[in-house]
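J.: Chains as they are written, first to last, in our numbering: chain A, 19 to 502; chain B, 964 to 1440; chain C, 28 to 123.
FYI, nobody ran anything at the bench for these hints, they're computed from the structure.
One or more of the hints may lead you astray.
Each pair of labels, with its calculated beta carbon distance range [stated by the list, open to error]:
#1 B:1036 x C:113: 12 to 22 Å
#2 C:106 x A:297: 31 to 41 Å
#3 A:313 x C:71: 42 to 52 Å
#4 A:250 x B:1320: 48 to 58 Å
Just a few of them, taken from the derived set where beta-carbon distance is under 8 Å, the chain C residues facing chain A [what the hints assert, rightly or not]:
#5 30
#6 34
#7 66
#8 69
#9 72
#10 79
#11 80
#12 81
#13 82
#14 84
#15 88
#16 118
We put the CB at the ideal spot given by N, CA and C, even for glycine.
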Amino acid sequence: MHNKTIAELSAGLKAGEFTSVELTQSYLNRIDSLDEQLNSFITVTPELALEQAKQADAQRATGHVGILNGIPLAQKDIFCTKGVKTSCGSKMLEPFISPYDATTITKFNDSGAIMLGKTNMDEFAMGSSNETSWYGPVKNPWQLDSVPGGSSGGSAAVVAARLAPAATGTDTGGSIRQPASFCGITGLKPTYGRVSRYGMIAFASSLDQAGPMTRTAEDAALMLNVMAGLDSRDSTSVDEAVPDYTADLNNSLSGLKIGLPKEYFSEGLDDAVAKVIESAVKEYEKMGASVKEISLPTSNLAVPTYYIIAPSECSSNLSRIDGVRYGYRCEDPKDLNDLYIRSRGEGFGAEVKRRILVGTYALSEGFYDAYYVKAQKTRRLISNDFNQAFADVDVIMGPAAPSTAFKLGELSDDPITMYLSDIYTIAVNLAGLPGMSIPAGFANGMPVGLQLIGQHFAESKLLNIAHQFQQETDWHTQTPDAFK
Amino acid sequence: MQWEVVIGLEIHVQLSTKSKIFSGASTAYGAEPNTQACAVDLGLPGVLPVFNGEALKKSVMFGLAIGAQINERSVFDRKNYFYPDSPKAYQISQLYYPIVGEGFIDVDLEDGSQKRIGVTRAHMEEDAGKSLHESFHNQTGIDLNRAGTPLLEIVSEPDMRSAKEAVAYMRKIHSIVRYLGVSDGNMQEGSFRCDANVSLRPKGQKEFGTRAELKNINSFRFVEKAINVEIERQMDILESGGTVVQETRLYDADKNETRSMRSKEEANDYRYFPDPDLLPIVISAEEIEAIRSTLPELPDAKCARYMDTLALSEKDAKALTVDRDMADYYEAVQQAIGDAKMAANWILGDVAALNNKHAIEFKECPVSPEQLIGLLKRIQDNTISGKIAKEVFEAMYAGEGDADTIIDKKGLKQITDTGAIEAIIDEIIANNPSQVAEFQSGKDKLIGFFVGQVMKASKGKANPGQVNQLLQTKLKP
Amino acid sequence: MSKLDKSDVEKIAFLARLGVDEQDIPEYATNLSNILDMVEQLDSVDTQGVRPMAHPLDAVQRLRADVVTESNDRENLQAHAPEVEQGLYLVPRVVE
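Just chain A, with the same shape it has in the complex:
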């Protein structure tokens, strides 16, 4: 049962082959017996899950239900869930039992989906390896001494290890696509503003976007059907019609124009990864697509631009977590500043502190123009590059990450090299474009993700391109031996 996709499980529920309670219980059993190796959940919510499953079964008995009714899912611990601890991977929010639901959670609840629990993540989504979590690192199900990627490492590991058919992730600079690549699953970061950010704890407000992490493109489409849409509680969510994302899955790719940015295949890219990407592109050519080399000349600006904008926004966003109204408070504060300084000093981890300090500095008097305003300008140059490229091609392809999953601890003392592991994903966030990572093969025994980048609101197109690949290949069906 655990090797089935959402689409298959939904059909099974519909046909009465099993109930949601049975399905949910079987996943809870797997989590119970297997997650010890992975540490992919921060919180498992068995009682809530079974209660929701019971309700989903009851609802099904009364008649019409949606496709996600009764389907168990894992939610990244960045989404506020009413009555359930929402820690964002941080000691700072260890005591935070959210009094409200994020819009994404409300939408899944309304669709009848089941929440199995909250997945582990880099602290406040700041990290590319899941090693910054206060709850300890997540292991890569393919090789337990390797990282699953980050920040949505828990969600990626959960899906790869079949502890849930699908999960949610969030992506500020690659946090869905890079772990999807490292764990051999399908991950979609939608267009900025496509999915509501309300109740999703903000890291960098102008970059954050939630999306599905699944086995298949078809499942990602089913998830996005629920997640996408305008939210009156989020000023940055976009008032753009939500199509049925499954509608175009089976379109032919004949005549598809693929652009390969030469900057994404230059130095720094692992040779074995490059080979996998090249053969995946060949697969598309077999399906009738044409390939063209393109240039994104400002690619080298993406990482520095990002490391101004993201820390600046995060330094301000995390200021509210001050130990006054919720969250961790230090023992016996002697005065107000002591309360702030010690609560935040004891509650936040090293990487979060690093970024708060960088951002605070970049915004401080005398530096604002040189750093933040400058970065907002180079951000536009990066965005313009993509616009230009899309005049000639339908989709941009390349690696999701320069390497396969690295070893735990390998880069944790080297922030800059760690930052560079997001080199191919960051520009997409800066431009607000939709991007996907889909399993494209293996290098040195570890999964490799092919990144697809589309124009704003081209999610249907990306899903179609991904789905067609998955019709011709079986990389996405591969399961790590220990979790078969």
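Based on the hints, put chains B and C in the right spot on chain A.
T.: Positioned in the frame of chain A, the structure of chains B and C alone reads:
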């Protein structure tokens, strides 16, 4: 040395919206602590602001009223600082692109002259919560009900040269926002607050001196006192050769002194940047014009009209137009009785006097315009005299009913029956032969004595005009 | 170029009200300096006349109708607060 005082004001006006500027929580004053602080106002993780269009409309109305440039594109910035009444540790404000650009207002000074005061800008922002220091031992309690109430911060040019000018400016702004209905202007409840930047410079010098910022002064009276004591303080320093430190100071009304607020001084670096949770606010020229068409007549225009078409004196016209509620009251009465001067005299006289005595605002005046109209009509149709009317008015004010009821109940109806008045006059003449003789021998002034006697005998109810006329006839030798 | 020293880190950490262990300050100083060196690549880019980009879609703000939609939810919102009394959040005494 001769010193020149330089004052600029920052006035914070709470906009009278029903809900907060970025959340759907109520802005009503006086609720139990934190019962009107929703998830957004508390700055919970994950919440997002959504901008209240009414705050924009009201801000634009103010800008148009002072002839200011309305910026078709304005942007919200975050002002970052840690303080427990600022739940997100930043205040959403507008630094770089405010909604309202440069404008001005003309204020009346005590010597009767006018002075133009420049308004640099006005921007929208959110109010903070309140810190309560009294109830807890060694702790401060935080109430965030007020957090997120929309504010318009109106920043003046450093154009004022005395505390009195500053107060005149503040009163004028108060009058304008009340006219526009963009704020209730209630100073006790903190809807209208003022920070004053005060500095001195040698007369004739161009450069400004070092200024002190006086925070959160919440009455017209205190503004004047606070500025004056601050001027004295700075003058003492400068006269004795010292230098003024740029700092934030708090006015202590009990001690009538200002003192330094060192807590607000430590390393202020607000790290302003555009709030990425909010998008640029764009308002078209058409939308601005649509708002302009809803503007009410403002005090200056109203005053001019009262002088031109109602022939009121400048003094009366100004007095009637300062407070919009008073002007509305006046216009209702004036239109109904068709006597602009009589309406003005009554409203500026008896009505205002009793309101002042009872410290009641015009909009809460217990005598409605309709009731006053009922009273004045009885003067006009000679049912009662002006003097009796004052008595009736006091009864109305005390809640004894409308004019006709009181006149009936108290038997105050004027005596206009000639026979009845003649009978009283005859009696008075008979009882005062010596005065009659004096009058007839040319002491005309004694007519007042006879009128008084008749009015007294009639308990004030005899029609004074008739009394006068009949006396003149009967006393003729 | 941008070498931050101990006192820079201390100053920034205070602005951010962020406790940093004394022995970690040199490492933060190095980390921060390296990050700033990396972002200095941007200095060489000509951005004359480029409009800063705040929102990827250059969208504009929607306006909310002025309607009260929230009601008193204090009990729920304060259920896990660090310190609350009489409905107020408590902090060490603030001197003004």
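J.: So which of the earlier hints does this model not fit?
T.: 1, 2, 3, 5 and 6
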